[in-house]
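Number of protein chains: 2
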Amino acid sequence: MNQLTNAIGRNLPESIEGYGKVRPFTGAFATVPDMQRQAPKVKRILPNEQKLVEDIETVFKRIPVTDGMTLSFHHHLRNGDGVVNMVLAVAAKLGLKNLTVALSSVFPVHAPIVEHVKSGVVAGLDTNYMSGPVAQAVSHGVFPRPVVLRTHGGRARAIECGQLKIDVAFIAAPAADDYGNINGVEGPAACGSLGYAIPDAQYANHVVAITDHLMPYPLSPISIPQTRVDYVVKVDCIGDPKGIVSGTTKITRDPVGLKIAETTAKVIKAAGLIKDGFSFQTGAGGASLAAAYYVRQMMEESGVTGSFALGGITGYMVEMLESGLFRKLIDVQGFDLDAVRSLAANPNHLEVGADFYASPFNLGAAVNKLDAVVLGATEIDTGFNINVVTGSDGVVMGGSGGHSDAAAGAKVTIVVANLLRGRLPIIMDKVLTATTPGETVDVLVTERGVAVNPRRTDLYEKLKAAGLPLKTVEELKALAEKMAGVPENVITQDKVVAVVEYRDGTVIDVVRQVGK
Amino acid sequence: MNQLTNAIGRNLPESIEGYGKVRPFTGAFATVPDMQRQAPKVKRILPNEQKLVEDIETVFKRIPVTDGMTLSFHHHLRNGDGVVNMVLAVAAKLGLKNLTVALSSVFPVHAPIVEHVKSGVVAGLDTNYMSGPVAQAVSHGVFPRPVVLRTHGGRARAIECGQLKIDVAFIAAPAADDYGNINGVEGPAACGSLGYAIPDAQYANHVVAITDHLMPYPLSPISIPQTRVDYVVKVDCIGDPKGIVSGTTKITRDPVGLKIAETTAKVIKAAGLIKDGFSFQTGAGGASLAAAYYVRQMMEESGVTGSFALGGITGYMVEMLESGLFRKLIDVQGFDLDAVRSLAANPNHLEVGADFYASPFNLGAAVNKLDAVVLGATEIDTGFNINVVTGSDGVVMGGSGGHSDAAAGAKVTIVVANLLRGRLPIIMDKVLTATTPGETVDVLVTERGVAVNPRRTDLYEKLKAAGLPLKTVEELKALAEKMAGVPENVITQDKVVAVVEYRDGTVIDVVRQVGK
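Chains as they are written, first to last, in our numbering: chain A, 1 to 516; chain B, 517 to 1032.
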């Protein structure tokens, strides 16, 4: 097969069976869109028509769902989601084949997908993140077609630009009325923001709300409007609350994690960002939250009011909103009960779609307005390219999610990591799977020092002046290797099992089969 | 010229110069859409790009605005609007010609449009309602092309379906941030809902926010999002608050109006609609508000909680929301300060776009869920067709606005009118300009009796059982003629000065030139 090399030196096939022609990554901001937006069919409904349908099977027959269609789902119910399995069971029962599942993230609870692949019901998967049995199955070559791995913003872009065409969007609806208005803040499966479902509902050819909490018309707030929803199905239960939101997310107690977090906050301050209007994104992991903790101290000390915190929202961010440290929260996904409660009640807590959050191809996503973002990594290389897709064994265990999007948008992008991960150095010459390109990563913070991307001489000078423990990324790599040796290369097969699309739709890397 | 006759017997040219081929009205629900939605160009903006531009002239040059383009505007600033005149003055200064102005409603303040037409800057007008000098000029044949008169829902449909293509939407923004998020509830020109601007922003090729109240990023609530706004211009003043909202809207004190209103409420009750979940729309005029007053008494007496009130929202509806008589308000346009205040603060007061309010071609507008709507009329004929476009002299003095939309959607559509209007009978064999088709009008309430559309035998029986003073429309017509004689036919010229499109885009009637 003919090969090509993309802008970060990855060798890629020119074309991949089951995916098509590869458009190589050419730089984080190199692709200029040249198309019209996706235009779904115009429909109508007569004033007395009803949308409530007795069960999912009836919906399948009414649409009708046929072989080869793309069915989309959102992941806001996370590992408590009951809707994907429920819908695919109907597809299997009806004998459908060759479906593509476009599910914004895949969790262990979605294990039944593997059986649907084996039986031919499902042939394709399009997602931004996956963990658990499905991710394992992908890596072991169970899927007949390579999985498409996107970023959160890239998925919104692909939908808006007609590159991910959705035949039917099944929306797990924590609350809905009988005319299809939906929100995520009420009902037993309340999950908060429905941000990832918003582009699906906007552009799918058919939209089905699946709810266990039918409310009187008109439901409000309205996250997804009646004007785009064809059918409403009431089921007993759309998900298990225990898997949907955690009671509360907690800051790490690991001293190494705390040290990295404190250094991260110092980097942000040294970069001159702790001032009125500061905007910030961090993850929900314990170490990321710890960074928020130290940032908060600095904001309080300096009497600073931030403009907004962005991304997946936790109770810690809610507390910062309620304390007046941020004027607004921009929420594409909530992680805990406090985030759900706040979104329901606080007008300064804004729900936005994945397009508003992170799409590269509109007139400005929220990530573009970020001052600082703190992100994780499973591997980083000396070109500052990040891997958050595969683990040290080459098996898929994640995905970009909003990683590449926030990295591209923020003024200062900081990756935090322990030098070792599972006794293996995290820094290498070349990451196994490039997810986020080095040109969008500014600083690496580890427990043994801080490396600044050589592209950011401005930032280097500021951090140096602030007395931060600067090292080159090569020096940090050498330190790690001194502790743990040089890791062996992962041996993979030739078969491409996943295509990693950058947020603009170009291919930044591929994942190859492991084992056998 | 060849003629055709539409489903309500109107003779229309087959084709109209400057408008094109006429698709005749074939029935209120006869048109089934068969197209894809309009797909504007996909754009992008880099993370550090700015949208704030120094003045409107610079925006014209950047886009660039060229001869023949369609510029759209919303009418939420009503007779206080400063933006339309401001923008068209720039167009004139730059020597542009042959522009089409797509302004959702035209008020006396927009008189300068007439001069722009005479000088060739503006050639076309697309609107849902007009009064004042522009309406006079239209009727006297000043425009080189016939004006297109739409309904509020029809305008949203035409934009969504690509039949009204907007090159540049200029959004008068009572509040905006520098990245283009817009709302109508803050700032000196606060007008409440921006519902009519929402489809424009969604589908225009270029969107410009013009504001006199620049807020820190991110502004919220967000009525129009940053993702669709190309440029933001700060000006000194977008409008005169005195012309935008009234201090408070008042119920009529006219005893005839009160009698009609009371009868109207009795019709609604007799129709069996005063029960939990009741939904209602009425206008902001004194007589319409009086109907709300009597409906309210009945709701209170029966201990009924309504689901929602819809449409243009007044302080009276806000009071009913706050008293728990309606669970929600669905607001496409606010009429007074109370409506603005409530929309800003009350989560049960929902802002919606014109598409959600009234478009016939989506999966269900709010009008479809209406139990009862109370509407006015300048003329009504024995086929229950309504004219709200031209006055007794044949001159344009209004337009459908949401009239035809609500009439089509509601379970019971009631038209209220004094038998005489300016000493002339309001009922005739054939209205001068058909706006809303009789098949969507159920009841006519006058001070001398109530006429039920013969199509609604079910309703006739209920109103009869309730002892309402029923008459046929012919009997009411005879009564009026006995008082005031048979009105003379208005003499018009041949030239078509306006095309009245029904909400589905078919032509329900035309307006011909008056005078000379």
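I should point out that these hints are in silico values taken from the structure, not numbers from a laboratory.
These numbers come from a predicted model, not from an experiment.
Check the hints yourself; a few may be wrong.
In silico DSS-like pairs for lysine-lysine, Cα to Cα no more than 25 Å straight-line [as the list claims (entries may be wrong)]:
1. A/K41 / B/K567
2. B/K557 / A/K21
3. B/K559 / A/K165
4. A/K21 / A/K43
5. A/K250 / A/K234
Against the structure, the hints:
For the given pair, A/K41 sits about 32 Å from B/K567 by alpha-carbon distance, which is inconsistent with the 25 Å threshold. With a CA separation close to 24 Å, the supplied pair B/K557 and A/K21 stays within the 25 Å bound. Taking the CA atoms of B/K559 and A/K165, the gap is about 19 Å. The hint holds against a cut of 25 Å. About 34 Å separates the Cα atoms of A/K21 and A/K43, which puts this hinted pair outside 25 Å; it is violated.
Pair hint A/K250 plus A/K234 does not hold up; C-alpha atoms about 35 Å apart against a cutoff of 25 Å.
The structure does not agree with the numbered hints 1, 4, 5 stated previously, though it agrees with the rest.
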